[in-house]
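> Chains as they are written, first to last, in our numbering: chain A, 3 to 457; chain B, -15 to 444.
Just so you know, the hints here were simulated from the structure itself, not pulled from any lab data. The structure presented is a predicted model; accordingly, all values stated were derived computationally and were not measured. Even for Gly, the Cβ is constructed at its ideal location relative to N, Cα and C. One should not assume that every hint holds.
As the list claims (entries may be wrong) - Calculated pairs, DSSO-like style, for lysine-lysine (alpha carbon to alpha carbon, straight line, at most 30 Å):
no., chain 1, residue 1, chain 2, residue 2
1, B, Lys407, A, Lys122
2, A, Lys219, B, Lys425
3, A, Lys94, B, Lys139
4, B, Lys217, A, Lys219
5, A, Lys297, A, Lys354
6, B, Lys267, A, Lys298
7, A, Lys212, B, Lys139
8, B, Lys241, B, Lys120
9, B, Lys190, A, Lys337
10, B, Lys120, B, Lys190
11, A, Lys219, A, Lys122
12, A, Lys212, B, Lys203
13, B, Lys139, B, Lys120
14, A, Lys122, B, Lys139
15, B, Lys241, A, Lys219
16, B, Lys241, A, Lys212
17, B, Lys425, A, Lys53
18, B, Lys283, B, Lys293
19, B, Lys283, A, Lys212
What the hints assert, rightly or not - From chain A, some residues computed to sit far from chain B (all C-beta separations above 12 Å):
no., residue
20, Lys14
21, Gly36
22, Pro255
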Amino acid sequence: MPKGDKISSKFKEIIGESHIVKDSEKLQAYAVDGKKPKIVVSPGKIEEVSKIVAYANQEQLSIIPRGNGTKLGMGGIPKKVDIVLSTLRLKKVTDNDCENLTLSVQSGMPLKEVQKMLAKEGRGYFLPLDPPFTDKATLGGIVASNSSGPKRLLYGTARDLIIGTKAVFPNGDIVVSGGKTVKNVSGYDMCKLLIGSYGTLGILCEITFKLLPLPEKEATLLIPFARLEEADGFVRELIGSQLIPTSVETLNPTTVKKMKYSISTSNGYYLVAIGLEGVREGVDRQVSDMGEIGKKHGALKAEVLDTEKQNAFWTALRDFSKGLAKSAPGSISLKSNFLISKRGEMLASFEKMTKESGMDCAILSHSGNGILHAHLLPGRSLRSKSDSLVELIRKLTAEAVKNEGNLVVESAPVAIKKKVDVWGQSRDDYRVVRRLKEQIDPAGILNPGRFLGGI
Amino acid sequence: MDRERLSQEMANIVGKENVLSSETDLLLYGYDASLFRAKPDCIVLPGSTEEVSKVVRFAHENGIHVVGRGSGTNLSGGTIPAQGGIVIHFSRMNRILEIDLENQRVVVEPGIFTLTLKNALARYGYVYQPDPASEKVSTLGGNFGENSGGPHCLKYGVTTNHMLGAEVVLYDGSVIQVGGKSLDNPGYDLTGILVGSEGTLGIATKLVLRIMPKPEAVKTMLAIYNSLEDAGKTVSAIIADGIIPATLEMIDKLTIKAVEESVHAGFPLDAEAVLLIELDGLKDGMERLAERIMEICRKNNVREVKAAKTEAERMQLWAGRKGAFGAVARLRPNYLVCDGTVPRTKLPEVLTRVMEVGKKYGLAIANVFHAGDGNLHPLILFDERNEEELRKVHLAGSEILKICSDAGGTISGEHGIGTEKKKEMLFVFSPRDITAMGKVKKAFDPDDVYNPGKVLPEQP
Chain A
3 MPKGDKISSK FKEIIGESHI VKDSEKLQAY AVDGKKPKIV VSPGKIEEVS
53 KIVAYANQEQ LSIIPRGNGT KLGMGGIPKK VDIVLSTLRL KKVTDNDCEN
103 LTLSVQSGMP LKEVQKMLAK EGRGYFLPLD PPFTDKATLG GIVASNSSGP
153 KRLLYGTARD LIIGTKAVFP NGDIVVSGGK TVKNVSGYDM CKLLIGSYGT
203 LGILCEITFK LLPLPEKEAT LLIPFARLEE ADGFVRELIG SQLIPTSVET
253 LNPTTVKKMK YSISTSNGYY LVAIGLEGVR EGVDRQVSDM GEIGKKHGAL
303 KAEVLDTEKQ NAFWTALRDF SKGLAKSAPG SISLKSNFLI SKRGEMLASF
353 EKMTKESGMD CAILSHSGNG ILHAHLLPGR SLRSKSDSLV ELIRKLTAEA
403 VKNEGNLVVE SAPVAIKKKV DVWGQSRDDY RVVRRLKEQI DPAGILNPGR
453 FLGGI
Chain B
-15 MDRERLSQEM ANIVGKENVL SSETDLLLYG YDASLFRAKP DCIVLPGSTE
35 EVSKVVRFAH ENGIHVVGRG SGTNLSGGTI PAQGGIVIHF SRMNRILEID
85 LENQRVVVEP GIFTLTLKNA LARYGYVYQP DPASEKVSTL GGNFGENSGG
135 PHCLKYGVTT NHMLGAEVVL YDGSVIQVGG KSLDNPGYDL TGILVGSEGT
185 LGIATKLVLR IMPKPEAVKT MLAIYNSLED AGKTVSAIIA DGIIPATLEM
235 IDKLTIKAVE ESVHAGFPLD AEAVLLIELD GLKDGMERLA ERIMEICRKN
285 NVREVKAAKT EAERMQLWAG RKGAFGAVAR LRPNYLVCDG TVPRTKLPEV
335 LTRVMEVGKK YGLAIANVFH AGDGNLHPLI LFDERNEEEL RKVHLAGSEI
385 LKICSDAGGT ISGEHGIGTE KKKEMLFVFS PRDITAMGKV KKAFDPDDVY
435 NPGKVLPEQP
């Protein structure tokens, strides 16, 4: 392996000194699971990314791609952290074709800036993704980690919204996949491989998204239920009906209490939050229909939020884990998937099992999708609870697997990460996953150790 | 291995009655809906995943190629056994294994017809959205391999957006599960890469599909135009206005003529083009949205725009659209259907250029296509017995794809690359892009067992 000096002079040649960080103290801020990189590089062009990656591949230096760093706690502990490659200077809009309802943009652009720009274009458009870290998340990070939010119920996730990518593969090749048309079966759908690959197959540099026009009207309905069974019965009827909600989220009482949005009347209640978007008449009718269905299932009342309150509510919901990081440090974030119909049972057993372990647990469930986010709150005595936490995670994983799902530990102290498989129970398709990695990244330079199976 | 021994080995696995190997059989399974022909060595009709697995393991051990096949409606030569070998025909594996309404999923075997599933779901008030025009006979396994589209894909997305998992037999006969009924399984999105891989990476023996409750209301409109360009401009204008109907289909004069002679859908014979526009969803606000669309049609010189008043009228309009390819086949003995796709803003300009290509080569072109997706289907009419004409057809087809890719589009929206468009892959991809795809093929099928010679052009 080349010496630090040689590496930095090579990168200086490619991107110039001002876009390199090698000062030891500054590098500390870029550490991943406590491992500090040798150098941080911020290329400004895709060709520069290509040259950096080609050099790293030749010298067998590992690369951790990074946007605004909101997801660096995810995944396994990296085997080796040589280079952190920041995408933050890659933020050009390369093709704004709102009239065709598509947008091509570089990966370092924060989603928030894209939304702001699109809202001002013509009749107003948006990219139908609403993942956590509203202020900071970059497109590259969102897509690489397949991050999503409440609106996925109606609009789907990155795999449904992306029609093209330009990525730098581990050999330095700039590889184009898909294109700018909403339908495309020319060659393999390589975009699908890159989405959710956590930067282990290529570094996403440019992404083409499908857009939608801003809806005519939006409304939010908050319906509290005293009992989980009631909330679940309500959601069940809603999901099986012809109504078309944009989002259906269920929050347990701990979440309601800890959320940075005060819902005074809902203390101690399970809250079902519904987002509605579309033509005026459709939104109005759904607000009234859903209120009625809610009553039928035992809701005391429904609260309809106005525009300003809606934004505050959904932002607080999306960014729940961020708020928690401040108020309850040491919390452990889990994401579990399972059969849609098991939403109520999963929520109940997660609550029960954490309680039995002597802990509290905040749960937010994408109720129409069969996905929940659970935040374990071990309090201050994390060290003493380490073993029981590991045991709890095992039990929760088994519960998810029983319901045809799995469990991923999205953030946890390194001590816990060392003792569990953060990617949940392994599946029989992992051997193909491994072969793909070996074919595309034979030297294993991209994010080594952070993906499942130790990839 | 000689054919006789191969048939014997296959008979040992699936039973003698499920192996076809007569000269007639080899001829029948040597073509699909494209212009290509080849000859398999043997056709096998397995009845279970286990049998498929054994067939593939045997093929792998003996260096024999394997091509999966549903109903052979493929339009790009994807089901042609280009290098011989075994054709696995899925007609016996055609069951619905599970309709799971609570979880909004179904599990099926690959040989089931798309429409058979849809009819079964209709009883429960549920739909599987993708609706390829050939759905009466196309199989879901074929839809999986090709990532098929259809009119309703404008609003609901193509096959890949509705395929959530599969049981897959790999090149060596081993069986894996990818994806599943639950969303967001950890790992690479193997389902996503398998869908549309044209049977070159693996063979699906079970499919997990997303279904949804049937929309509450539907409204179908027919807009009639005196000019093809005005119809194209209307499509661009509707999308630019931010309206995404459930479907937005265009049919031109030559196609109308053919359709009216066979299906009698009620399209006016003197029109240059018609648009078939459908809205679906909640009933509330639908009338107002329909009026907004009609206003856009009027601004773009529509001759007449009317809504279907009854379900029977609606079905008739759709019969015209879905029967269009078949109807066009009555005009000349053969047609080549191009599948170029462009950004919707480029539609009027590209349509004009496509018609110019027809004039240049003296070939008649009929158009019937998914306009809202920018997915063109120029049908170039000819007689394959006329060699000179056949040569021109291939040149014209390639030229049309070049026009589409130069307009920022691509060479296939839903029919696949197959054997037909390998050369044209280089219109849209660099050798580096192709190399990357080649690595995916290597990872799934290192010994090139499955559907050899498809999709990826040979690298220099």
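> If a hint holds in the structure, say so; if it does not, say that too.
Consistency of the hints with the structure:
Pair hint Lys407(B) plus Lys122(A) does not hold up; C-alpha atoms about 42 Å apart against a cutoff of 30 Å. Between Lys219(A) and Lys425(B) the alpha-carbon distance is near 46 Å, which puts this suggested pair outside the 30 Å criterion. In summary, the hint linking Lys94(A) to Lys139(B) is supported, as the alpha carbons are separated by about 29 Å, within the 30 Å threshold. Distance hint between Lys217(B) and Lys219(A) is fulfilled; the C-alpha atoms sit about 28 Å from each other, no more than 30 Å.
Our distance criterion of 30 Å between C-alpha atoms is met by Lys297(A) and Lys354(A), whose separation comes to about 27 Å. A C-alpha spacing of about 23 Å is found between Lys267(B) and Lys298(A), which places the hinted pair at or below 30 Å, so the restraint holds. Between Lys212(A) and Lys139(B) the alpha-carbon distance is near 12 Å, which keeps this suggested pair within the 30 Å criterion. With a C-alpha separation of about 23 Å, the suggested pairing of Lys241(B) with Lys120(B) holds against the 30 Å cut-off.
In summary, the hint linking Lys190(B) to Lys337(A) is supported, as the alpha carbons are separated by about 27 Å, within the 30 Å threshold. Note on Lys120(B) and Lys190(B): the hinted pairing holds, with a Cα-Cα distance of about 20 Å set against a maximum of 30 Å. Between Lys219(A) and Lys122(A), the direct Cα distance comes to roughly 17 Å. Compliance with the 30 Å bound is thereby established for this hinted pair. This hinted pair checks out: Lys212(A) and Lys203(B) have alpha carbons roughly 25 Å apart, not beyond 30 Å.
Taken as a hint, the Lys139(B) and Lys120(B) pair is honoured in the structure, with Cα atoms around 21 Å apart against an allowance of 30 Å. With a CA separation close to 24 Å, the supplied pair Lys122(A) and Lys139(B) stays within the 30 Å bound. A threshold of 30 Å between alpha carbons decides the hint, and for Lys241(B) with Lys219(A) the separation of about 43 Å lies outside it, so the pair is violated. Distance check on the hinted pair: Lys241(B) and Lys212(A) sit about 36 Å apart at the alpha-carbon level, beyond 30 Å; violated.
The hinted pair formed by Lys425(B) and Lys53(A) meets the criterion: a straight-line CA distance of about 26 Å does not exceed 30 Å. For the proposed pair Lys283(B) and Lys293(B), the alpha carbon gap of about 24 Å is at most 30 Å, so the pair holds. Proximity of Lys283(B) to Lys212(A) is assessed by CA-CA distance (about 26 Å); at most 30 Å being required, the pair is judged to hold. Under the 12 Å C-beta cut-off, the non-interface status given to Lys14(A) relative to chain B holds; the minimum distance is some 27 Å.
Gly36(A), annotated as away from the interface, keeps every beta carbon of chain B farther than 12 Å; the closest lies near 24 Å. The claim that Pro255(A) lies off the interface holds: its Cβ sits roughly 25 Å from the closest Cβ of chain B, which is beyond the 12 Å cut-off.
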